[in-house]
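Given the sequences, and given the hints that come with them, work out the whole structure.
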Amino acid sequence: MNFRARLGKRITFGIGSILAITYFFPFFLVFVNSVKLKYDILANPLALPVQISWENFQQAFAKMNFFRSLTNSLIITVFSVSLLIIFSSMLAYYLARTKNKTSKYIFLILVASMIVPFQALMIPFMARFAPLVSYNNRGALIFFYIGFGTALSTFLYHGFISTIPTEIDEAASIDGASDMVAFWRIIFPMMRPITATVAIINALWIWNDFLLPRLVLDEPSQTLPLSTYRFYGQYTVEYGQVMAGLALAVIPIVIFYLILQKQFISGISQGAVK
Amino acid sequence: MPKARTTKKFLKFTGIPLAIFTIVLVVPFVNGFYYTFTNWNGFKTTKLVGFTNYADSFADPKFWVTLRFTAIFVVVSLIAVNAVAFGLALIVTSKLRSRNILRTFFFVPNLIGGVVLGVIWQFIFNSALVSLANKYNWELFKQSWLQDTNKAFWALIIVTVWQSSGYMMIVYITGLVSIENDVLEASQIDGASPLRTLFSIKIPLMAQAFTIALFLTLRGGFMAYDVNVALTDGGPFRTTELISMHIFQDAFLEGDFGTGQAKAVIMFLVVALAALVQVTVSKRYEVQR
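Here the protein sequences come in this chain order: D and V.
Here UniProt numbering is used: the first residue of the first sequence is 1, the next is one more, and so on.
Here UniProt numbering is used: the first residue of the second sequence is 1, the next is one more, and so on.
I should point out that these hints are in silico values taken from the structure, not numbers from a laboratory.
Check before you lean on any hint, since a few could be wrong.
Claimed, not checked - Have a look at the derived ranges for each label pair, beta carbon to beta carbon:
id, chain 1, residue 1, chain 2, residue 2, range
1, D, Lys99, V, Ala186, 34 to 42 Å
2, D, Glu170, V, Val27, 35 to 43 Å
3, V, Ala192, D, Ile11, 14 to 22 Å
4, D, Ile21, V, Gly235, 49 to 57 Å
Said to hold, decoys possible - Only part of the chain D face toward chain V is listed, based on derived beta-carbon distances under 8 Å:
id, residue
5, Gly16
6, Tyr23
7, Pro26
8, Asn44
9, Trp54
10, Ile115
11, Gln119
12, Leu121
13, Gly147
14, Thr150
15, Gln234
16, Ile255
17, Tyr257
For each residue, glycine too, the CB sits at the ideal point set by N, CA and C.
This is the structure in C-alpha cells:
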C-alpha cells in the first residue's frame, strides 16, 4: 500500500471513530447516570459514578411496571408478526401466481396504500373502532397491525415469489398436493430469507410504535415505549430513576439485535431495495 | 379451472388479509374524506357543509405555523439525514478492519423508538448540557435549546439525523456494494481519482438507493411524531408542532374532529404529491444496467 492510501485509511478511521463515539455518547450518558445519585448527576453528568447504586433500577422496575410492559410488548409483537407472515405470504402467493386483472388491481391498491400516512385516517379510525378497542385492546391492536402491515409484507413476499419457478407448483400439483399443502410444505419453506426480512422489519416497527398504542391501549396493556414515556412524564425530576428506566427500555432490543445482527442488516437491505 | 374452484382458492388465500386490510385501512380512509364535507363531531353527522372544514383549517393561524415548520423540517432533515447516511456508508464500506463495529454503532439508535430517543435527548438538552455549560461557561448551552423555537428546531434535526441515518446508511451500503468490481477497476486503470470515481461512477450507478432513501426520509419527515412529542412536545408555545402532532392535538385534545380530519386529508395530499414528484425526478437519474 502506498503512502497516500494509508493516510486515507487513517483519516477514514479517525472520522469513523469520532462519529461512532458521538453516536454512542447519548447511551453512555444514560448508562452512567442510571447508577448515580440525583445530586451527582446534576453536579457533573459526565463523571463516572463515585459509588454504584442500583436503587434507581429498583425504583424504575417497579414504577414503570417493567415486566408487565415487556410482556405486553412481546405478546403484541410476536402475535402481530406471526399472523402478518402467515396472511401476507398467502396473499402474495395468490397474487403472484394468479395472473389476472383482479390480482393486478389488488396488488396496485396495496402498493398505493403504502403512501397513506396513518395520521390521514386516524380520526375516523378511532371513532369507528372505539367499541372494539374497549372490548379487548391488545387483541384490537394486533388486528390493526395486521391491517396496516399487510401491504408492505405482501409486497416483499410478492417480489420474492416471482423468483421461484412455477414448475415447482406444477410438480406439487401433479403429485396430488392441494393448493394449501403445496404452499405450506413446499413454497413457504423456500421463502425463509424473505420471511426473515418481513419478520424483522415488522417487529422493529411494532416494538417501537408509539402513536397507535397510545390511542388504543389502556394502562394495564401498556407496551414498553408507552410505559417509558408515562414514567418519564411522572418522574421527570428524578433523573437517576429516569435514566435507569431508559436503560431498561433500550436493553432488550439491543440484545436482540446483537444476537441477530446479520439477519437485521440483510433484512433491512433486502427490504429497502425492493 | 371451474369458476367455483377459482373463487374458493381466491377466498382461501386472500380472504382474511384482504378483509382486515379493507376494514382497518380502506374504510376509515374513505370515511375520512367523506367526513371532511360534513359537520361530523366524532359520533354523528347531520348535514353536508361543503368546504367549510377546509376553509376553517386554512383560517387557523396555528395551522400555518405548523405547515411552515413541517415544510422546513422535511427539507432540512431530508438533506441532513441523507448526507450523513451516505458519508457513513462510505466509511463503513471502506477497507477498514473496524467497519463492522462502526456499522453497529451507527445503526443502534435506529433500533430504539423515537419516544425513548426523544426523552434521552430531552435530558441532554435540558439538564446535561445546561449543567455542563454552567460549569465550564459555554454560552451556547446555558439556556436549554428546547426553550427557543429556532434552537428546538435544530434539536429536532439532530435527533432525527441520529435516529434515521443508520437505516439510510444500510440502504446506501446496499447500493454501494451492488456496483460491480470490474467497473471500479476499469475506472482505476483509467486513472480516475477516488473523488472522480465517486461522482462519475458510484453515485450514478447506485441512483436507485438514493430514490429509496430520499423517499423514506421524505415520508418519515412528514410523519414524524414520536420524537416531536418526546423532545419538544410542541413547545415553546406550540411553535414546534409538526403536522402529525398538530392533527392529534386538534382532534383528540381539542375535539375539533371536522377540521382535524380536513387537515389530515391536506397532509395526505401533500405527502402523496411530494412523494410522487420526488420519485419521478429521482427515477430519471437511475441508470439501466
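| message | Checking hints one by one. Is leucine 121 of chain D an interface residue toward chain V, by the C-beta closer than 8 Å rule? | response | Cβ of leucine 121 of chain D sits 4 Å from chain V, so the hint holds.
| task | Please verify that hint: tyrosine 23 of chain D, Cβ, nearest Cβ of chain V, below 8 Å or not. | result | holds (5 Å)
| Do the numbers back the hint for tyrosine 257 of chain D, that is, is its least Cβ distance to chain V under 8 Å? | holds (5 Å)
| request: Mind checking the hinted window 14 to 22 Å against the Cβ distance between alanine 192 of chain V and isoleucine 11 of chain D? | output: Holds - the Cβ-Cβ distance for alanine 192 of chain V and isoleucine 11 of chain D, about 20 Å, lies within 14 to 22 Å.
| message | Restraint: glycine 16 of chain D near chain V, CB-CB cut 8 Å. Satisfied or not? | response | holds (4 Å)
| said: Just to be sure I understand the hint, the distance between the Cβ atoms of isoleucine 21 of chain D and glycine 235 of chain V should be within 49 to 57 Å; is that true here? | reply: violated (30 Å)
| Hinted contact isoleucine 255 of chain D with chain V - closest CB pair below 8 Å | violated (10 Å)
| Supplied contact hint for threonine 150 of chain D, tested at 8 Å Cβ to chain V | Since the shortest Cβ distance to chain V is 5 Å, the answer is holds.
| field | Status of the hint placing isoleucine 115 of chain D at chain V (closest C-beta pair under 8 Å) | value | holds (5 Å)
| task | Using the Cβ atoms, figure out if glutamate 170 of chain D sits within 35 to 43 Å of valine 27 of chain V. | result | For glutamate 170 of chain D and valine 27 of chain V the Cβ distance comes to about 38 Å; the hint holds.
| message | Just to be careful: measuring from the Cβ of glycine 147 of chain D to every Cβ in chain V, is the smallest value less than 8 Å? | response | holds (3 Å)
| Hint check: 8 Å Cβ-Cβ cutoff, tryptophan 54 of chain D to chain V | violated (20 Å)
The structure shown violates the earlier hints numbered 4, 9, 15 and 16.
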